[in-house]
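*Asks:* For the record, the sequence lines run as chains E and R. Last residue of the first sequence: number 168 in our numbering, and the count goes up by one each step with no gaps. Last residue of the second sequence: number 169 in our numbering, and the count goes up by one each step with no gaps.
Mixed in with the good hints, there may be bad ones.
[Unchecked claim] Simulated DEER-style distance windows between Cβ atoms:
#1 E:E93 to R:A88: 20 to 30 Å
#2 R:A164 to E:G133: 24 to 34 Å
#3 R:G124 to E:P125: 34 to 44 Å
#4 R:R85 to E:E119: 17 to 27 Å
#5 R:M140 to E:E101: 45 to 55 Å
#6 E:P117 to R:R77: 24 to 34 Å
#7 E:G137 to R:A50: 21 to 31 Å
#8 E:G84 to R:T67: 30 to 40 Å
#9 R:G124 to E:F132: 45 to 55 Å
#10 R:D106 to E:E110: 49 to 59 Å
#11 R:T67 to E:E119: 40 to 50 Å
#12 R:M140 to E:E93: 37 to 47 Å
#13 R:S46 to E:E119: 23 to 33 Å
[To be verified] The list that follows gives simulated cross-link-like pairs (lysine-lysine, DSSO-like), each with its CA atoms no further than 30 Å apart:
#14 R:K158 to E:K141
#15 R:K53 to R:K155
#16 E:K86 to R:K92
#17 R:K158 to R:K92
Don't read these hints as lab results, they were simulated from the structure. Because the structure is a prediction, the values reported are computed rather than measured. Cβ coordinates follow ideal geometry from the N, Cα and C atoms, glycine included.
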Amino acid sequence: MISGDRQMRIIGTVLDGCMQRHKVIASNLANIETPGYKRLEVRFEEQLAAAVENGDDRELDEVEFAPRPSEGLPVRPDGNNVDFGTELGEMSKNTLLYSTFAQLAASRIRQYREAMGESS
Amino acid sequence: MSLNRIFGSFDVSGSALSAEQARMKAIADNIANASTTRTPEGGPYRRQRVVFETVLRECADGTKQTAGVRVAAVRKSDAPPLRVFDPDHPDADATGFVAYPDVSVPSEMIDMIAAARAYEANLEAIKNFKGMVNKALAIAR
Numbered sequence: 049m050i051s052g053d054r055q056m057r058i059i060g061t062v063l064d065g066c067m068q069r070h071k072v073i074a075s076n077l078a079n080i081e082t083p084g085y086k087r088l089e090v091r092f093e094e095q096l097a098a099a100v101e102n103g104d105d106r107e108l109d110e111v112e113f114a115p116r117p118s119e120g121l122p123v124r125p126d127g128n129n130v131d132f133g134t135e136l137g138e139m140s141k142n143t144l145l146y147s148t149f150a151q152l153a154a155s156r157i158r159q160y161r162e163a164m165g166e167s168s
Numbered sequence: 029m030s031l032n033r034i035f036g037s038f039d040v041s042g043s044a045l046s047a048e049q050a051r052m053k054a055i056a057d058n059i060a061n062a063s064t065t066r067t068p069e070g071g072p073y074r075r076q077r078v079v080f081e082t083v084l085r086e087c088a089d090g091t092k093q094t095a096g097v098r099v100a101a102v103r104k105s106d107a108p109p110l111r112v113f114d115p116d117h118p119d120a121d122a123t124g125f126v127a128y129p130d131v132s133v134p135s136e137m138i139d140m141i142a143a144a145r146a147y148e149a150n151l152e153a154i155k156n157f158k159g160m161v162n163k164a165l166a167i168a169r
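Produce the entire structure from the sequences given, and follow the hints as far as they go.
*Replies:* Next up, the structure:
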């Protein structure tokens, strides 16, 4: 990644976060019938927004992707609180977000190439 | 970032595909043996049920992360067999009752639909992940 390019670092953070979140959603779907399994989620948007607003590059590196248990969900009799539809919806949303930011990264790199006079 | 961490999503969803397949097999066994009155261990067939458990993997920093699912056990039902009055049946007891398995075919069918749906959802997760990886590879193309 081109260091010093703040926008690229933000894009990278989102891409990393989406990758982590996909894994957690995949884990929720995998454990949809596991008794006692509690849904996990990755939320990084608020922290990222704060880091972007403060304009501190170090804060960008500190954005956390650690999965945390979701709260306030109805629990089934087997102790599991994963809902099929929610996970599929979250998965589509996450994949789309990833695609969008991958596209942004690609066009950023294209800009660099053009600036360097490379024909693309 | 190790390869395992990058492609871990494949393992998670893949483990779920095998687990759901095992569940499907147990359901197929149950339906196939819904009227079986003789088994090697004696007595009627007993309904099988797979129990899933979460696979945890320890990360470098000591925290545990979920890394998929596996079949913890295939449990045989302890429910009493269904006793049906059929004195002509070769396995009828002295009072004319035959012990049939405690398998309810409609409820197995419902379970089968749930297993098929779960299988598809996990397949979809693999497809989505593949799309994401391809997008990442296309960034610098």
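*Asks:* All hints are to be evaluated individually against the structure, with a verdict given for each.
*Replies:* Hints, verified against the model:
Range check, E93 (chain E) to A88 (chain R): Cβ separation about 26 Å, and the 20 to 30 Å hint holds. As the Cβ distance of A164 (chain R) to G133 (chain E) is approximately 27 Å, the hint placing it in 24 to 34 Å holds. Separated by about 38 Å at the C-beta atoms, G124 (chain R) and P125 (chain E) satisfy the suggested range of 34 to 44 Å. Separation of R85 (chain R) from E119 (chain E) is about 24 Å and conforms to the stated range, judged on CB atoms against 17 to 27 Å.
For the hinted restraint 45 to 55 Å between M140 (chain R) and E101 (chain E), the CB-CB distance of approximately 51 Å keeps it satisfied. Taking the beta carbon of each, P117 (chain E) and R77 (chain R) are about 27 Å apart, inside 24 to 34 Å as hinted. At roughly 27 Å, the beta-carbon separation of G137 (chain E) and A50 (chain R) lies within the given 21 to 31 Å, and the hint holds. A C-beta distance of roughly 31 Å is found between G84 (chain E) and T67 (chain R), which places it inside the suggested range of 30 to 40 Å.
At roughly 46 Å, the beta-carbon separation of G124 (chain R) and F132 (chain E) lies within the given 45 to 55 Å, and the hint holds. Roughly 53 Å separates the CB atoms of D106 (chain R) and E110 (chain E), a value that falls within the hinted 49 to 59 Å. A hinted range of 40 to 50 Å for the beta carbons of T67 (chain R) and E119 (chain E) is consistent with their spacing of about 47 Å. For the pair M140 (chain R) and E93 (chain E), the supplied restraint of 37 to 47 Å holds, since their beta-carbon distance comes to about 39 Å.
The hint said 23 to 33 Å for the Cβ distance between S46 (chain R) and E119 (chain E), and at roughly 31 Å that hint holds. Note on K158 (chain R) and K141 (chain E): the hinted pairing holds, with a Cα-Cα distance of about 15 Å set against a maximum of 30 Å. For the hint linking K53 (chain R) to K155 (chain R), the alpha-carbon distance of about 24 Å falls within 30 Å, and the restraint holds. Under the criterion of a C-alpha separation no larger than 30 Å, the hint pairing K86 (chain E) with K92 (chain R) is consistent with the structure, at around 14 Å.
At roughly 25 Å between alpha-carbon atoms, K158 (chain R) and K92 (chain R) fall within 30 Å of each other, so this suggested pair holds.
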